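A.B. asks: Listed here are the chains, written in short residue letters.
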Amino acid sequence: MSRAPLVFICTCHGTLSGALDRKTLEKGIAERFPDARVEFVPSLCRSGDLDRVSAPAGLEGPSGVLVAACSPFSRGKAVLDLAGKRFPGVGPELVDLREGCAWVHSTDPEAASAKAVDLVSMGLAAMKVRKRSPRPRIEVEQSVLVVGAGPAGLAATGALARLGARVTLVDRLARPGGLLNQIGKLFPHNTSSEELLGPLLQEIAHPAVDFLPKTQITRIQGDPGRFEAHFIRDGQDVSLSAGALILACGALPVLPENRYRSGELSGVISQLELETRLKKLEAASAPPDFGKAVFIQCLAAREDDHPYCSTICCPTALKNAIRLKSLAADVEVTILHRGIMTPGKVLEELYRKAMAAGVRFAAYSPEAPPEVRGNGRLSSVAVHDALSGRSMEIPADLLVLSTPLKPRPDTSALAAGLNVRLDNIGFACGCEPMRPLAAPVQGVFLCGAVRWPVYAEHAVDQGRAAAVKAAGFLEAGRAGGADLTSLALPGSWPGAASVDPQSCSRCGQCIALCPYGACRRGDDGTARVSGARCRGCGLCASVCPSGAVRVPENNVALRAMLREIAPRMDR
Amino acid sequence: MTQPALNPQAPEGRKEVRAALFACRWCALLGAGRAGLDRIHLPASFRVIPVECAASVEPDLVLRALADGIDGVAVLGCHLGGCRHNEANRPARLRLTLLQDLLEIVGLDRRRLLLSWGTAHEGHQFGGLVREFMTELEAMPPVDTKLLRPF
Chain D
1 MSRAPLVFIC TCHGTLSGAL DRKTLEKGIA ERFPDARVEF VPSLCRSGDL DRVSAPAGLE
61 GPSGVLVAAC SPFSRGKAVL DLAGKRFPGV GPELVDLREG CAWVHSTDPE AASAKAVDLV
121 SMGLAAMKVR KRSPRPRIEV EQSVLVVGAG PAGLAATGAL ARLGARVTLV DRLARPGGLL
181 NQIGKLFPHN TSSEELLGPL LQEIAHPAVD FLPKTQITRI QGDPGRFEAH FIRDGQDVSL
241 SAGALILACG ALPVLPENRY RSGELSGVIS QLELETRLKK LEAASAPPDF GKAVFIQCLA
301 AREDDHPYCS TICCPTALKN AIRLKSLAAD VEVTILHRGI MTPGKVLEEL YRKAMAAGVR
361 FAAYSPEAPP EVRGNGRLSS VAVHDALSGR SMEIPADLLV LSTPLKPRPD TSALAAGLNV
421 RLDNIGFACG CEPMRPLAAP VQGVFLCGAV RWPVYAEHAV DQGRAAAVKA AGFLEAGRAG
481 GADLTSLALP GSWPGAASVD PQSCSRCGQC IALCPYGACR RGDDGTARVS GARCRGCGLC
541 ASVCPSGAVR VPENNVALRA MLREIAPRMD R
Chain V
1 MTQPALNPQA PEGRKEVRAA LFACRWCALL GAGRAGLDRI HLPASFRVIP VECAASVEPD
61 LVLRALADGI DGVAVLGCHL GGCRHNEANR PARLRLTLLQ DLLEIVGLDR RRLLLSWGTA
121 HEGHQFGGLV REFMTELEAM PPVDTKLLRP F
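Taken in sequence, the protein lines are chains D and V. Okay, so the first sequence: first residue is 1 according to the numbering used here, each after it adds one. Okay, so the second sequence: first residue is 1 according to the numbering used here, each after it adds one.
Worth flagging that the hints you see were computed from the coordinates, not collected in a lab. Computed from a predicted model, the values in this text were never measured in an experiment. Glycine is no exception: its CB is placed at the ideal position from the N, C-alpha and C atoms. Possibly wrong hints are sitting among the right ones.
[What the hints assert, rightly or not] Chain D regions said to be covered by chain V (calculated; three or more residues, Cβ under 8 Å):
#: 1; region: 466-478
#: 2; region: 519-528
[Stated by the list, open to error] Far from chain V by the CB rule (all over 12 Å, computed), these chain D residues:
#: 3; residue: 17
#: 4; residue: 74
#: 5; residue: 108
#: 6; residue: 141
#: 7; residue: 185
#: 8; residue: 495
Produce the entire structure from the sequences given, and follow the hints as far as they go.
C.D. replies: What follows is the structure, encoded as structure tokens:
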């Protein structure tokens, strides 16, 4: 009893017969694959058509099933599903004869028919040699590690606890809250930071949450389902494992350093310092001890060292200007800016509110930055208003410098072990634009200012979104031993790479290049592939000089397909 | 096993060429499908081979194809910065660009290896690219396979 491949050619209700000649196809395929049985069916996407094909006599079932139908982006995937149900365990494959041949060559039926023979032959040749990699079973620990207890990390932790996951939250500081602890009021609704933090802190006071303060993460390694984090706590090295990770380690405020004579003149402070002062003044309901304040925006932002807009500084300046005005209406506040950035209706309203409160604005150009005057003590700021073209000198007894947020330098150490890509500035990138909160390696998620400077409210939103993603990952892992490979990329599974240690030369090219960190060095120096990380792109196989790393689905099959179209006869 | 003529009734004067197009299934394969839906008429002398990622195409495979008498090979991947496999197409581009240089060194036209990063994901883009490539190949003599003898 022999097993032969079975080819179904869909005529799409006969509409393809104009371009594809049935006799040419039958003859051509029979010449190259004499054992293949070819069936023409009117519409493979209709479930009945496959059932009507009787089991081939004398055969113990097909050795493989090739469906020649339409593109996988039309009905091809549905056709594959139906064929999979009709012939379980065979793993049918698809060849696109409609979009890929009949419809683009409809004016040249002879060439189209010859091409269709080639395409079916390529499919058959590939099917004959293609091997299947075993699906890795990924055990997923039902726990999540959240790095960073700022608003994003707190929100993620709280949401995960409510969703029933076990969460470990670590922060390098003693107090949760991150940068929010240094801020009194939040834009745009002037809520106090306690109002935002309070409920978040209540959420993490949950039995499923383990909060580790004063803990510095040093490195994270391991695979999806079981990541290992190493950290320093009370001077000791500790480690723990978790099924999924949420990186919410935030960003750092840039310091004004010595620019605009800060540190030299008294009365020159940073926006963050003003926050602290305002918090004290508001608590005591005391009037400010200064009468004329000038803010300078975009210090160290949108220039060579930090070539980006930090998003939060303009709304923060507006918010603080309004706060000053409401403490004492006679305080003069002037904001020197390079364009006020207040997108959206809520922030635009904040801008209008500041104008209504009597805050004054002047635009400066980066070529002519404001000049700070004073001797030991700040006396005035000279500026050339870029809009009116007039130069003016504004008397001031307080100068507030708005600086951007910058990436934390330790983010890169964490990112490296997890194959999280950093942009040219140093912020972490998700899989933009489709899955912005997910890192390329499964089970790793990003939220908050580690990605980009973000408002506190938005950090909370991102934290919750990342929590839902992480919970989905755990859930997929729980569902009977975790077949997580389909979570990675929708669509058919491309297989995973594997290494033949006998022929591996230990050169390490695959290890250096793997985009998911799946290729690693084993104890004997040869490469190993982590099934939980690999997504079958095949980069490792294409750089391997000794052919030791292969994607079983791919490498031999591509060669076999090429052979079918090569004209050389001695192949 | 005999090979049926690829383009048996090709109009006179038009050289029969064959080209293998490796198309990333996240990008250029969509373009190929879209070209069909849009009924864009194309010369029939190319064959599309779907791949998971452009990075999976070995330089060996390209040389082998040319040595076997295929006139041209195209590797069609996602735009740089938009790879579905975390930038895997960047090292692929470096490697295949180097291969183009090597082709030239051994005496083959570098245009026999067409690289596209994100310029074939719409039907009309795919169609334009294929048409241009085929016209270029038609103007070239058959591959001198002696130049690639080790393969």
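A.B. asks: Give me the numbers of the hints this structure contradicts, sorted from smallest to largest.
C.D. replies: 1, 2, 4, 5 and 8
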